[in-house]
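Novice: Next come the chains, spelled out residue by residue.
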Amino acid sequence: MKELAELALDTAKKGGASYVDIRLVRVRKEALSVKNGNIEVIGDSFDQGFGIRSLFNGSFGFAASYELKPEKVIEMARLSVEIAKASALVKGDDVILADIEPKVAEYRTPFKVDPFDIALENKLETLLGLNERIRGFAGINIASASLRFVRKEQIFASSEGAFIEQTIMMSGAGMEAIAIGGGEMQIRSYPNSHGGQFITGGYELVDALAFEDNAERLAKEAVALLAAKECPSTRTDLILGGSQLALQIHESIGHPAELDRALGTEASFAGMSFLTPDKLGKYKVGSPLVNIVADATAERGLGTFGYDDEGVRASRFDLVKEGLFTGYLNSRETAAALGQKPNGSMRADGWSRAPLIRMTNVSLLPGETSLDELIGDTKDGILMDTNRSWSIDDKRLNFQFATEIAWRIENGRLTEMLKNPNYTGKTPFFWGSCDAITDNSSWLIWATPNCGKGEPMQVIETGHGASPARFKDIEIGVGK
Amino acid sequence: MIADSSIEKIFDFIMRLSKADQTEALLFAGSSSLTRFANNRIHQNMNEEGVRLSIRAIVVGQTGSASTNDLSEDSIGRLVEAANKMAKISPKDPGFLTLPAPLAHTGSAPFSARTAAFSPFERAEGVKLMVERAKESSLVAAGAFAVQEAKIAVANSLGLIKTASLTDAKISTVFTSKSSSGYADAYGFAAEELSPGRLADQAAQKAWLSQDPAELAPGRYTVILEPAAVADMISHLAFCGFGALSFQEKRSFLNDRMGKRIVGPNVTVYDDALDDKTLGLPFDYEGVPKKRVVLIDKGVASGLVYDSYTATKDGVSSTGHGLPAPNPYGPQAQNLFLEGGDSSFAEMISRAKRAILVTRFHYTNIEDPLKTIMTGMTRDGTFLVEDGQIKQGIKNLRFTQSILEALSNVSSISAETELKETFLGCCTAPSLVVEDFNFTGKTEF
Chain A
2 MKELAELALD TAKKGGASYV DIRLVRVRKE ALSVKNGNIE VIGDSFDQGF GIRSLFNGSF
62 GFAASYELKP EKVIEMARLS VEIAKASALV KGDDVILADI EPKVAEYRTP FKVDPFDIAL
122 ENKLETLLGL NERIRGFAGI NIASASLRFV RKEQIFASSE GAFIEQTIMM SGAGMEAIAI
182 GGGEMQIRSY PNSHGGQFIT GGYELVDALA FEDNAERLAK EAVALLAAKE CPSTRTDLIL
242 GGSQLALQIH ESIGHPAELD RALGTEASFA GMSFLTPDKL GKYKVGSPLV NIVADATAER
302 GLGTFGYDDE GVRASRFDLV KEGLFTGYLN SRETAAALGQ KPNGSMRADG WSRAPLIRMT
362 NVSLLPGETS LDELIGDTKD GILMDTNRSW SIDDKRLNFQ FATEIAWRIE NGRLTEMLKN
422 PNYTGKTPFF WGSCDAITDN SSWLIWATPN CGKGEPMQVI ETGHGASPAR FKDIEIGVGK
Chain B
1256 MIADSSIEKI FDFIMRLSKA DQTEALLFAG SSSLTRFANN RIHQNMNEEG VRLSIRAIVV
1316 GQTGSASTND LSEDSIGRLV EAANKMAKIS PKDPGFLTLP APLAHTGSAP FSARTAAFSP
1376 FERAEGVKLM VERAKESSLV AAGAFAVQEA KIAVANSLGL IKTASLTDAK ISTVFTSKSS
1436 SGYADAYGFA AEELSPGRLA DQAAQKAWLS QDPAELAPGR YTVILEPAAV ADMISHLAFC
1496 GFGALSFQEK RSFLNDRMGK RIVGPNVTVY DDALDDKTLG LPFDYEGVPK KRVVLIDKGV
1556 ASGLVYDSYT ATKDGVSSTG HGLPAPNPYG PQAQNLFLEG GDSSFAEMIS RAKRAILVTR
1616 FHYTNIEDPL KTIMTGMTRD GTFLVEDGQI KQGIKNLRFT QSILEALSNV SSISAETELK
1676 ETFLGCCTAP SLVVEDFNFT GKTEF
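For the record, the sequence lines run as chains A and B. Residue numbering for the first sequence follows our numbering, starting at 2 and increasing by one per position. Residue numbering for the second sequence follows our numbering, starting at 1256 and increasing by one per position.
By construction, these hints were calculated from the structure, which means they are not laboratory data. A few of these clues could be false.
[To be verified] Distance windows between CB atoms, simulated:
| hint | chain 1 | residue 1 | chain 2 | residue 2 | range |
| --- | --- | --- | --- | --- | --- |
| 1 | A | E126 | B | P1583 | 32 to 40 Å |
| 2 | A | G93 | B | R1475 | 41 to 49 Å |
| 3 | A | N451 | B | P1520 | 54 to 62 Å |
| 4 | B | R1609 | A | S234 | 55 to 63 Å |
| 5 | B | E1391 | A | D100 | 34 to 42 Å |
| 6 | B | D1531 | A | N451 | 30 to 38 Å |
| 7 | B | L1384 | A | D94 | 18 to 26 Å |
| 8 | B | S1327 | A | E133 | 39 to 47 Å |
[Stated by the list, open to error] Not the full set, but computed from the structure, chain B residues with beta-carbon under 7 Å of chain A:
| hint | residue |
| --- | --- |
| 9 | L1289 |
| 10 | E1304 |
| 11 | V1306 |
| 12 | V1382 |
| 13 | L1384 |
| 14 | K1505 |
| 15 | M1632 |
| 16 | G1696 |
C-beta atoms are modelled at their ideal positions from N, C-alpha and C, and glycine is treated no differently.
In isolation and in its complexed conformation, chain A is listed as follows:
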């Protein structure tokens, strides 16, 4: 592999590239899911290849192939330079890469149990057992459970002398109960929707999630939702559960804090950002309670790694400090444009894509009150949990989320269950209305395993630490 990397760097440099990097990637994935006692997915996949990024005359070109052969590496290295030359036909200012110290390093995800060492039979038995427990509950139409495991091995080498080997292990698990009746379909997921919970780590996740203890509750809630009252259309105080708050952070703080969006390079597809560079260090995006960090070093976070795909070491830094917008996720190119230091936020979806600025683990730091205290302190409100639908405008201001379940809060107590809840708002007003965040005891790094961005589409794994929090005077029950 090292020889192939050196061949790529040498070939592109001989072709006139002022900077070159290559990533050689091998990925093994295993996915299992069962639905109503039948196998829905049982699949093993293997993927390998390399991608070469060359800078020529101040413009980038990228070429990638699945064939790990010297002759193909030479062809793609030359092609990456040719593509860069084509890019230079429509260029603005030259691309300048902020300086970094090239690293020779190795990183491996720490884990206790290698998921690929667990027999498939055992994994299937676990899923089928869970599935049966949910399915056996009267009123459940669809029961499903799934496991997903990924091992990604990567070598990054650059013409500046970096050579970094990484092995990232990811594990995920979830289950779902669906009840259908009276023209309604109600879903409950555990521990989260969108496939469950995911970590960088091993099979130990599956035991830690205590699926057996939650199967019956999940099924009961799905059935009960069919008969529950409709979420009212009103304005009220809203408590968001941790997993829903995680997606709220992802969509309304994480994406707008990506510096490529803020500088306009995603304008035609994903969109831009209301957090424009003139607001950096000056703009109140939330109440003084709101502290949000990006932390690619967080233990077990799905957005945790050793080095990003430009060879920049993973780091932790503030995006929002006591409500003030203080930082961006950046790349070497965008960091140079704003005179910043690269903070290790560039990642690619596999070997065939050029890296983009991506969220790592973007987390809301915990507060000081317990969840029981927060509910007890709420006279009239709603608690919503577990995401069902999400949408936000292309500058990340106006959002609307629907959740699987809600409960009315009256005089400090959870009372009745409510179905079909949703809420809407505008990002700075919403975060500005945050008046309480619960403490460490309910804080967890939730996962968003399917964050999409870029053209061609790149799907990447991110994490979001969150504990339930309260927001004042929020519009709920939209479109009822």
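Guided by the hints, dock chain B onto chain A, whose structure is given.
Specialist: Using the frame of chain A, we list chain B on its own:
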């Protein structure tokens, strides 16, 4: 590009090696290139050569699958072994009877040799033209010019073998001013026919017209939806239940409604991969010939799309809408059509007393699939139309709207249709006038 003879050798090797009762092999190969531009310059530019070989093995009704992009004999041997092993340990699915037997198909996938050979310099020339037009108009251009060539081959142990080659290309662009933006796109099988100059003119016109947008209060309005917005809405409707699996699991909006009127009598929706106006394969990923399926016939729920698994369950024939295995989503309509009407876009504008013109939707998502309630934003060209004229740009609005209700309130359909790429595949759609469209929120731009 991998030769047909090499694919046949790989398939033959797999069928000889596999000990399963039935075996299916599916191969994708191709190259894709994409030039992205923003701030009036190219900022990303890539080419990828890829391949994926997947195997589905069946042992007494038990299924296993595995895939790789390493086409060495050793790797394929491991792949066959893995799929066979997974099949053996899987519980038997009583719903599975057999892989499809070979059937002759008609038609071919659209292919342009010129597009297959399109160079990064030709893409850059197209982008250059758009950027120059933007600069001439004091606007800023962003977008992408994508070109792909692909080969798809499928075989199974019942003697089925199918191969198709296709190309596709897309230009999308957003021109922005300080207070506005305008979108245009073109999608087709031939990159050389996409006309970047025409798209630049469209995007520039929308960006200019929508400058200094006014603010409109949310509420129910008559809307004129351009084809990009209509295609997005129809694709989300399809995902809510045109596939037989969702119907069999009772999570389709069509459950208990088949044969009944569900939308206005002027609305007909169908899927037809063989129509010249779409980009489709002549067979699905199981090798079954594609059939035209009418899904909504003059407002009446009339059909579903099937793969071989769901067809067996309902005792019907597959319509050729299977996705690659393993497929948790079931069959999908990937070449949708909303039938054109007898109006024109110009007439829609000229006849509007007061309406909101929507260029495209952004971040549409389904809140309730049985009630087909979607939410999303307008984007890149939203206008107030009054007394037959586009009056001015307006700030973008959020909608929370049942799709079936919207399609029950269609008062006019254009005869012209456009092919749009969607998250499901593609949709050929006209412009629509929809009454009482429900806008529930607004944003600041």
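Novice: For the range 41 to 49 Å, tell me whether the beta carbons of G93 of chain A and R1475 of chain B fit it or not.
Specialist: About 44 Å separates the Cβ atoms of G93 of chain A and R1475 of chain B, which means 41 to 49 Å holds.
Novice: With respect to the beta-carbon atoms only, verify the hint that N451 of chain A and P1520 of chain B lie 54 to 62 Å apart.
Specialist: For P1520 of chain B against N451 of chain A, whose Cβ atoms are near 39 Å apart, the range 54 to 62 Å is violated.
Novice: Double-check E1304 of chain B for me: the hint is only fine if its C-beta lies closer than 7 Å to a C-beta in chain A.
Specialist: holds, 4 Å
Novice: Using Cβ atoms only, decide whether K1505 of chain B comes closer than 7 Å to chain A, and label the hint accordingly.
Specialist: holds, 5 Å
Novice: Does the Cβ distance between E126 of chain A and P1583 of chain B fall inside 32 to 40 Å?
Specialist: At roughly 20 Å between Cβ atoms, P1583 of chain B and E126 of chain A fall outside 32 to 40 Å, so the hint is violated.
Novice: If I claimed the Cβ atoms of R1609 of chain B and S234 of chain A lie 55 to 63 Å apart, would that claim hold in this structure?
Specialist: Given a distance of about 26 Å, which is not inside 55 to 63 Å, the answer is violated.
Novice: Using the nearest Cβ pair, does L1384 of chain B come within less than 7 Å of chain A?
Specialist: violated, 10 Å
Novice: Verify the interface restraint on V1306 of chain B: the C-beta must sit less than 7 Å from at least one C-beta of chain A.
Specialist: holds, 6 Å
Novice: For the hint 30 to 38 Å, verify it against the beta carbon of D1531 of chain B and that of N451 of chain A.
Specialist: holds, 35 Å
Novice: Could you say whether the range 34 to 42 Å given as a hint is met by the Cβ separation of E1391 of chain B and D100 of chain A?
Specialist: holds, 38 Å
Novice: Is the interface hint for V1382 of chain B satisfied, with its Cβ closer than 7 Å to some Cβ of chain A?
Specialist: holds, 5 Å
Novice: Any CB of chain A closer than 7 Å to the CB of L1289 of chain B?
Specialist: holds, 6 Å
Against the hints set out earlier in the document, violations occur for numbers 1, 3, 4, 13.
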